[in-house]
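Let chain R serve as the given structure and place chain G with the ligands on it in line with the hints.
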Amino acid sequence: MPVIEVEALTRRYTTRTGFRRRTRKDVEAVRGISFEVGRGELFGLLGPNGAGKTTTIKMLITLLLPTSGSARVLGHDVVAEPREVRRRIGYVFGGDKGLYERLSGLDNLRYFAELYGVPAREQGPRIGELLELVGLTGRERERVEGYSRGMRQRLHIARGLLHRPDVLFLDEPSIGIDPVGARELRQTVASLTSQGTTVLLTTHYMFEADELCDRIAVIAGGLIVAEGTPAELKSRVADGHVVEIEVFDGVGDRLDAVRAIPGVTSVGVEDGGHSQLLVVRTDAAATVTPAVLGRLDGLALGRVATREPTLEDAYVELVRQA
Amino acid sequence: MRTSLRIFFLGGLTSYRALFHWLTPWILIPTFVVGPIFQLLFFAYVGRAAGVGDDTFYLIGNAVELASIPCLFAMGNTIGNERYTQTLGLLLASPARRLPLFLGRALPVVVNGFAVSFLVLVLGALVLHVSIPVAAWAPLVAVLAVCAFSCTGLGLASAALALRVRETAVLSNIIMGVLIVFCGVNVAVSALPAWMQSVAQVLPLTHGIEAARELVAGASWAAVMPLVRDEALIGVVYGAIGMAMLFFFERESRRHATLELA
Ligand SMILES: Nc1ncnc2c1ncn2[C@@H]1O[C@H](COP(=O)(O)OP(=O)(O)O)[C@@H](O)[C@H]1O
Ligand SMILES: [Mg+2]
Numbered sequence: 007m008p009v010i011e012v013e014a015l016t017r018r019y020t021t022r023t024g025f026r027r028r029t030r031k032d033v034e035a036v037r038g039i040s041f042e043v044g045r046g047e048l049f050g051l052l053g054p055n056g057a058g059k060t061t062t063i064k065m066l067i068t069l070l071l072p073t074s075g076s077a078r079v080l081g082h083d084v085v086a087e088p089r090e091v092r093r094r095i096g097y098v099f100g101g102d103k104g105l106y107e108r109l110s111g112l113d114n115l116r117y118f119a120e121l122y123g124v125p126a127r128e129q130g131p132r133i134g135e136l137l138e139l140v141g142l143t144g145r146e147r148e149r150v151e152g153y154s155r156g157m158r159q160r161l162h163i164a165r166g167l168l169h170r171p172d173v174l175f176l177d178e179p180s181i182g183i184d185p186v187g188a189r190e191l192r193q194t195v196a197s198l199t200s201q202g203t204t205v206l207l208t209t210h211y212m213f214e215a216d217e218l219c220d221r222i223a224v225i226a227g228g229l230i231v232a233e234g235t236p237a238e239l240k241s242r243v244a245d246g247h248v249v250e251i252e253v254f255d256g257v258g259d260r261l262d263a264v265r266a267i268p269g270v271t272s273v274g275v276e277d278g279g280h281s282q283l284l285v286v287r288t289d290a291a292a293t294v295t296p297a298v299l300g301r302l303d304g305l306a307l308g309r310v311a312t313r314e315p316t317l318e319d320a321y322v323e324l325v326r327q328a
Numbered sequence: 022m023r024t025s026l027r028i029f030f031l032g033g034l035t036s037y038r039a040l041f042h043w044l045t046p047w048i049l050i051p052t053f054v055v056g057p058i059f060q061l062l063f064f065a066y067v068g069r070a071a072g073v074g075d076d077t078f079y080l081i082g083n084a085v086e087l088a089s090i091p092c093l094f095a096m097g098n099t100i101g102n103e104r105y106t107q108t109l110g111l112l113l114a115s116p117a118r119r120l121p122l123f124l125g126r127a128l129p130v131v132v133n134g135f136a137v138s139f140l141v142l143v144l145g146a147l148v149l150h151v152s153i154p155v156a157a158w159a160p161l162v163a164v165l166a167v168c169a170f171s172c173t174g175l176g177l178a179s180a181a182l183a184l185r186v187r188e189t190a191v192l193s194n195i196i197m198g199v200l201i202v203f204c205g206v207n208v209a210v211s212a213l214p215a216w217m218q219s220v221a222q223v224l225p226l227t228h229g230i231e232a233a234r235e236l237v238a239g240a241s242w243a244a245v246m247p248l249v250r251d252e253a254l255i256g257v258v259y260g261a262i263g264m265a266m267l268f269f270f271e272r273e274s275r276r277h278a279t280l281e282l283a
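Protein sequence lines, in the order shown, are assigned to chains R and G. Residue 7 is where the first sequence starts when you use my numbering, and the numbers rise one by one after that. Residue 22 is where the second sequence starts when you use my numbering, and the numbers rise one by one after that.
Hints should not be assumed to be uniformly reliable.
[As the list claims (entries may be wrong)] Sample of chain G residues facing chain R (criterion: CB under 8 Å; computed from the structure):
{"#": "1", "residue": "38"}
{"#": "2", "residue": "106"}
{"#": "3", "residue": "275"}
{"#": "4", "residue": "276"}
[What the hints assert, rightly or not] Footprint (simulated), chain G over chain R, 3 or more residues, beta carbon under 8 Å:
{"#": "5", "stretch": "69-81"}
{"#": "6", "stretch": "99-108"}
{"#": "7", "stretch": "118-124"}
Hints were generated in silico from the structure; no laboratory data involved. All C-beta atoms in this analysis are idealised placements derived from N, C-alpha and C, irrespective of residue type, glycine included.
Pulled out of the complex, with its shape left as it was, chain G reads as follows:
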């Protein structure tokens, strides 16, 4: 138990440092700060010019959505890159419990995703002169954290798949595209075709973005609670799918040598 806890917390952080190769200021600041702010401004100004939506709408949508950059790419790296370093065989030859081994890698990613969202929210609010009610900040921060969590769940599922198909970035890019279109980031979910609305219900971020917008509009925590709960649940489901896939691939790899171990 103690060993598993250490693997979850310490091991997870070590893997994140070891395998997320964006962890240098030259990549980190442009990808997690500069790029995201440009994305936010782009949509906010398009919205202003077209006379649809207000700045707050875009600020919330993009701040939450941008957590997906680390949630997908960092998660993909910290699991998928085991193949490139050829350390996967060593991991799987170890007696370590797989649940803390892989799940522990998600924790730093959640923190990373949350940090990006929070930074975009604060910087974006300053740049666009959006004022968020003081009372809304605390629950808003909680929603950002839950969204970073749920998106990391999806990231884990995608990373598991990436381990098998040997390509993390392609998949992460596609999923990012899906999220930005389907989850009500820049276009309200209600304005989407019906089938897209259905898809949005089973994606992370949709419920969280809705909850965040309601909070800024003055709703109470109790009022958005069901949305936040659904958001978290979606994260748990994707995370479980990801872990199940990792277990399955390991088993299958022992049988069919499919993970090309070392």
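In isolation and in its complexed conformation, chain R is listed as follows:
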């Protein structure tokens, strides 16, 4: 039996703005997604901001009712049996909020241990174990208001694990922490799944999903646009090459001309501060590169390189099509 089963899940938000003349606005945040996650699997929901990742997680952790469709976690329906679901899952979100600043890290953990009904005599050892796991041993008696972002995030993880949840939901856990901290976090997450915990993680970082996840669903505009192992997603763009050209002048008005070149599958521009990076996907790099350079004639160009497609290219491609 899958640990997480999601079927045709949708969620619409209705917002009302204005005081005297109330106007209603509907946002279709999640528009019918389905997926399954097996025991011990690390499943990634990868998508840009506003794709519907948090909304999906909130439905799975019972904070939000679906507009339609259904979801079950460990066999329990998230609408009909919220308490059964809540007991068995952990929830951690990124950023530095969500902690009691005035309390010590230890008191934050103790409080949530009570909320999750961790028996009094198990609390001490369990908290000690988790502080060790996330590397906060020795700092636990300090008030959280003095913690760094990375320390807060690690405290969050410890909090989410207090009751040994079978399923852990991580909503953009590495947001805003430095690369070293993010790497440590990934190691911690990876070690959880090796102990049998099922993890559903959302992220907008490709490499994070690539490095961690057994399976990824790419979500954009409230729809799952692709699903598979990182290798499978990469193989979708494996045939072909990526030509990258650094341009120092505005490249905007030449894009259509580049797109028109036979053999070009897509064209993108990434802003790099003092220069722009023109990213051209093609299945015939040898002939396309000179043609692209021809169309850019007269512009100040920098580095020109041809490379294999990465997961990031696959992702950008998928999200753009959505």
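Leaving out everything else, chain G with the ligands in the frame of chain R:
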């Protein structure tokens, strides 16, 4: 059951420490001791100058009423501030029973409210040279506790509303104003217009203040018992309204995403 008891007692105290951000001596002493004594003296001297009421009248009225500072503001903070810390989503995602989770936060507030009342009563009696019969002290202390309880009930209802409208202090200030005017704190309820007298009957503190004054005037506990019972009942009703609102808002928030969870 055991878990719920722990959440009620330990969890409640932790939340109070976590979210009532006045818990530092620099705020605590001015707000709970200095300010209240000034309020008492102000009304007592106005009363003396105008030749209405005696010091005892003001001492009792204000001592009981001043419990409303913690009862409203601390209660508002310990529930309403969950939104600012963005911990509300985490609370609601937990399997903890909501009744002990929120009600437990009221207990330290009741104690806090009682402590302020008691302190004002003792300090005020010393400053104004009011002598309270020795026999009246024990029942008086009980009445102060019941009033702190009932006012916290109102505080819980106001805190629940605050969670939804995202503003605790404004509401608490308005309610404090209502209490000081309507409940016979500095003007006897009987001297108020009829409609205000009716409103006073359904507010906390009114019955308690009356009971406390009767005790000081020599009444027995048995004689004030009905008043104390009504005072407690009013607290229970407001507390129940507050809890019902919290349950309702949680349900509604799952449907309409109205609590802006995390
Ligand atoms: N409480 C809300 N009310 C109205 N719209 C919302 C609310 N929460 C999210 N949305 C909208 O729903 C869409 C999906 O949001 P979200 O699930 O937070 O995306 P993600 O987590 O992938 O960035 C966005 O367009 C967002 O603006
Ligand atoms: Mg999000």
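Violations among the numbered hints, reported as their numbers in ascending order: Per hint list: zero violations.
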